[in-house]
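Engineer: Top to bottom, those sequences are chains Y and D.
Under our numbering, the residues of the first sequence are numbered 5 to 121, in order.
Under our numbering, the residues of the second sequence are numbered 376 to 489, in order.
If you're looking for bench data, these hints aren't it; they were derived computationally from the structure.
Keep in mind that this is a model prediction, so the values were computed, not measured.
The reader is advised that the hints may include incorrect statements.
[Said to hold, decoys possible] Listed below are the simulated DMTMM-like cross-link pairs for lysine to aspartate or glutamate, each with C-alpha atoms no more than 20 angstroms apart in a straight line: (1) D/Lys452 to Y/Glu56; (2) Y/Lys70 to D/Asp377; (3) D/Lys476 to Y/Glu91; (4) Y/Lys45 to D/Glu438; (5) D/Lys452 to Y/Glu67; (6) D/Lys476 to Y/Glu56; (7) Y/Lys45 to D/Asp459; (8) Y/Lys45 to D/Asp481; (9) D/Lys424 to D/Glu390; (10) Y/Lys46 to D/Glu438; (11) D/Lys427 to D/Glu417; (12) D/Lys435 to Y/Glu26; (13) D/Lys424 to Y/Glu26; (14) Y/Lys59 to Y/Glu114.
So you can see what is in the structure, the chains are spelled out below.
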Amino acid sequence: GAVVSQHPSRVICKSGTSVKIECRSLDFQATTMFWYRQFPKKSLMLMATSNEGSKATYEQGVEKDKFLINHASLTLSTLTVTSAHPEDSSFYICSARDRATGGNTIYFGEGSWLTVV
Amino acid sequence: GDSVTQMEGPVTLSEEAFLTINCTYTATGYPSLFWYVQYPGEGLQLLLKATKADDKGSNKGFEATYRKETTSFHLEKGSVQVSDSAVYFCALSDRDTNAGKSTFGDGTTLTVKP
């Protein structure tokens, strides 16, 4: 079946550096991808909607200059956490809409654990 | 807006006990409903889904029925195992509006003791 791959699955970075997380649809085209964040012992909150070829739409309260989203192709969206701080440590997960099914089928990646030290 | 309300945890059961985790939703459109499972230190896995009223999703002994009249999608398993210990998330994806965005419940932590 369809698979959404996230990379890296776990990453540790130093405070002040930037880290990029990739979300890739492996066998389908995704015009839209979504990025979520999970705070410790909390649910997953939508951060932004990533549309191929256009700017991402951010949810209220999410800093667009800190969480840069690029959706350069129909199979790849990236989330870059810029100038990371320990409070950015979290679980980040993406999902993708399958274009071929009219966008009604959503697949999630397995997520990326980010630790900022 | 859309919302999902899950039974609060944590839930602790003995092996082979019956499991129910309640989930109700509100949605402006006609959503698809999902249960996801997250094992300790791991990512999110789709457990089961239902896309229309009266559909029953099932997987690995877990079941949930899409009840439009009660706006519910309760998760059940007849006999839990220690390996079922995880966090379970109920979620919806509204196809008519905000198509593709998923709204999650707060998650229910299940611990199964031998």
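Engineer: Confirm or reject each hint.
Structural biologist: Hints, verified against the model:
1. Distance check on the hinted pair: D/Lys452 and Y/Glu56 sit about 40 angstroms apart at the alpha-carbon level, beyond 20 angstroms; violated.
2. Restraint check for Y/Lys70 and D/Asp377: the C-alpha separation of about 27 angstroms exceeds 20 angstroms, so the hint is violated.
3. Straight-line distance between C-alpha atoms of D/Lys476 and Y/Glu91 comes to about 25 angstroms, which puts the hinted pair past the 20 angstroms bound.
4. With a C-alpha separation of about 25 angstroms, the suggested pairing of Y/Lys45 with D/Glu438 is violated against the 20 angstroms cut-off.
5. A distance of roughly 41 angstroms separates the Cα atoms of D/Lys452 and Y/Glu67; the hinted pair therefore is violated under the 20 angstroms criterion.
6. Straight-line distance between C-alpha atoms of D/Lys476 and Y/Glu56 comes to about 16 angstroms, which keeps the hinted pair within the 20 angstroms bound.
7. Among the hinted pairs, Y/Lys45 with D/Asp459 is consistent with the structure: their alpha-carbon atoms are about 18 angstroms apart, no more than 20 angstroms.
8. The hinted pair formed by Y/Lys45 and D/Asp481 meets the criterion: a straight-line CA distance of about 9 angstroms does not exceed 20 angstroms.
9. Annotation: proposed proximity of D/Lys424 to D/Glu390 is violated, straight-line Cα distance about 25 angstroms (limit 20 angstroms).
10. As the CA atoms of Y/Lys46 and D/Glu438 are separated by approximately 24 angstroms, the hinted pair breaks the 20 angstroms bound.
11. Under the criterion of a C-alpha separation no larger than 20 angstroms, the hint pairing D/Lys427 with D/Glu417 is inconsistent with the structure, at around 29 angstroms.
12. Of the pairs offered as hints, the one joining D/Lys435 and Y/Glu26 is violated, with about 30 angstroms between alpha carbons and a cut-off of 20 angstroms exceeded.
13. For a cut-off of 20 angstroms, the pair hint linking D/Lys424 to Y/Glu26 is broken: about 26 angstroms separates their Cα positions.
14. For the hint pairing Y/Lys59 with Y/Glu114, the CA-to-CA distance comes to about 24 angstroms; that exceeds 20 angstroms, so the pair is violated.
Of the hints listed earlier, those the structure fails to meet are numbers 1, 2, 3, 4, 5, 9, 10, 11, 12, 13, 14, in rising order.
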